[in-house]
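Chemist: These protein sequences, in sequence, are chains S and G. Residue numbering for the first sequence follows the working numbering, beginning at -15 and increasing consecutively. Residue numbering for the second sequence follows the working numbering, beginning at -15 and increasing consecutively.
Worth double-checking, as some hints may not be accurate.
One copy or two, it doesn't matter: identical chains are merged, so the pair holds either way.
[Said to hold, decoys possible] Straight line, CA to CA, 35 Å or less: simulated DSBU-like cross-link-like pairs of lysine-lysine:
| no. | residue 1 | residue 2 |
| --- | --- | --- |
| 1 | -3 | 155 |
| 2 | 12 | 123 |
| 3 | 20 | 123 |
| 4 | 12 | 208 |
| 5 | -3 | 12 |
| 6 | 29 | 208 |
| 7 | 155 | 208 |
| 8 | 123 | 148 |
| 9 | 29 | 231 |
| 10 | 18 | 155 |
| 11 | 18 | 231 |
| 12 | 208 | 123 |
| 13 | -3 | 208 |
In case anyone wonders, no lab produced these hints; they're calculated from the structure.
Read off the chains here:
Number of protein chains: 2
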Amino acid sequence: MNFIQSLGTTWTKNNSLLCVGLDPDPAKFPAHLKGKPDAIFEFCKSIADATADLVCCFKPQIAYFAAHRAEDQLEALIAHIHARHPGLPVILDAKRGDIGSTAEQYAIEIFERYQADAITVNPYMGRDSVDPYLAYADKGVILLCRTSNPGGSDLQFLDVGGLKLYEHVAKIIASEWNTTGQCALVVGATFPGEIARVREIVGDMPLLVPGIGAQGGDVEATLKAGRTANGTGLIINNSRAILYAGKGEDYAEAARNAAQTSRDLINRYR
Amino acid sequence: MNFIQSLGTTWTKNNSLLCVGLDPDPAKFPAHLKGKPDAIFEFCKSIADATADLVCCFKPQIAYFAAHRAEDQLEALIAHIHARHPGLPVILDAKRGDIGSTAEQYAIEIFERYQADAITVNPYMGRDSVDPYLAYADKGVILLCRTSNPGGSDLQFLDVGGLKLYEHVAKIIASEWNTTGQCALVVGATFPGEIARVREIVGDMPLLVPGIGAQGGDVEATLKAGRTANGTGLIINNSRAILYAGKGEDYAEAARNAAQTSRDLINRYR
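Build out the structure end to end from the sequences listed, making use of the hints.
Modeler: In structure tokens form, the structure reads like this:
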């Protein structure tokens, strides 16, 4: 089963479009974890185990591990998720993008070393910079289209022959790059009108939507703009509001409660 | 002394615009290194020590280390270059690009953990995705503009109001993003006419030029298109033709000879 198929299964099985973003910041950890050598792994593992039946996938952000020399803990975390929660896909948010020979090395890093099921990729370098990831037929490739940060408009809003650049990116990925059906797109929740525009361009392709919660995106507007006819098609990421819902030893339980609230709120508008 | 100043010093001191790209591929290593646990470090260290007086900087490509779980060897390599060859800048080629809070983590990874002097960054997510790197006042930020791979044209050649996207990127970086003078641009050697166009737009901003050697870029055309009035302004990267010039125990000496040939060829057209 490939990434897109696995996602279809967990959307249904867990009745959830929620993705918990695993962006571990040790400064925000509960006191009893601070200073422990494997605190990053412990923290993320507890959150993952407490929320696994409420999500469609997990999305660790590699920068939060790399900044702390915690590559081994990231490997252990993904291995744990695969062992304990089989069938639940893991997206490694790495936003890689490089020439083919280098992209082959990144693909080894992400898919073989970390055993991630999907990667986020930056499209600026073009189709051949994406092919090495697509060569792994069971993996997903989630390309940046319209990002949720304020500066996202600097380039993505440029007019290219009557389309905005992000619309053009959506169009060429849907019509030219996605020949194998492995692609998805990142479209920020801060811009529901643009989610609707991308949905119009790409049909039922899955959209990874960051920006719910800490970044202020509106859940109802996001769902109305981006859901497909069967009420799926979205991977709605929530990180900080779930990870740091609790500050004490019951942080995993607090995270579960926050994830349940988030999933149920999303489901109200499917 | 910041990155751009250090580069100015090494251009003069070593009479060189050559950058040796450290893209270690264990499959191509000399037989006596194969299977050694620190082969990646040993290989790159020997090449760096053999060529340090012939280059203006080194550029390790992080994917080649990450694919082999060799982050510790990359740390050791950069520490070695700084200790043994003080003043010689190290560019960590990582092509990062993410929202501000995540970019802060990448900046910790690249500048604090690895102690690199400059990083390559993808501009697709806009100005605020670059600010966290610019917050390190002594570091350099080298943004992708026109990349040397065939698919580079897919987005970078789009017409945005009379300019191609890569020209627009050069223009906004030079006129809006580079307020602190820390920026440089990546412009591939496979397109000398485009190097000339970028040079016209950005004045004396340094240009990192990959694509000499294995990718077939022309040295004379590159220099004529991109050199500044004083015969500098370029960081001309050569990786494979230098790293794998020799296949035996004398590989470092062979690399030195290849680097000398490459530097001298470049200098002929300054």
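Chemist: Please go over all the hints and tell whether each is borne out by the structure.
Modeler: Here's how the hints hold up against the structure:
no., hint, result
1, -3 x 155, "within (31 Å within a copy, 50 Å between copies)"
2, 12 x 123, "both (32 Å within a copy, 28 Å between copies)"
3, 20 x 123, "both (34 Å within a copy, 32 Å between copies)"
4, 12 x 208, "within (33 Å within a copy, 53 Å between copies)"
5, -3 x 12, "within (32 Å within a copy, 47 Å between copies)"
6, 29 x 208, "within (32 Å within a copy, 56 Å between copies)"
7, 155 x 208, "within (21 Å within a copy, 38 Å between copies)"
8, 123 x 148, "both (29 Å within a copy, 33 Å between copies)"
9, 29 x 231, "within (16 Å within a copy, 45 Å between copies)"
10, 18 x 155, "neither (46 Å within a copy, 46 Å between copies)"
11, 18 x 231, "within (12 Å within a copy, 49 Å between copies)"
12, 208 x 123, "within (28 Å within a copy, 44 Å between copies)"
13, -3 x 208, "within (22 Å within a copy, 62 Å between copies)"
Checked against the numbered hints above, the structure violates only hint 10.
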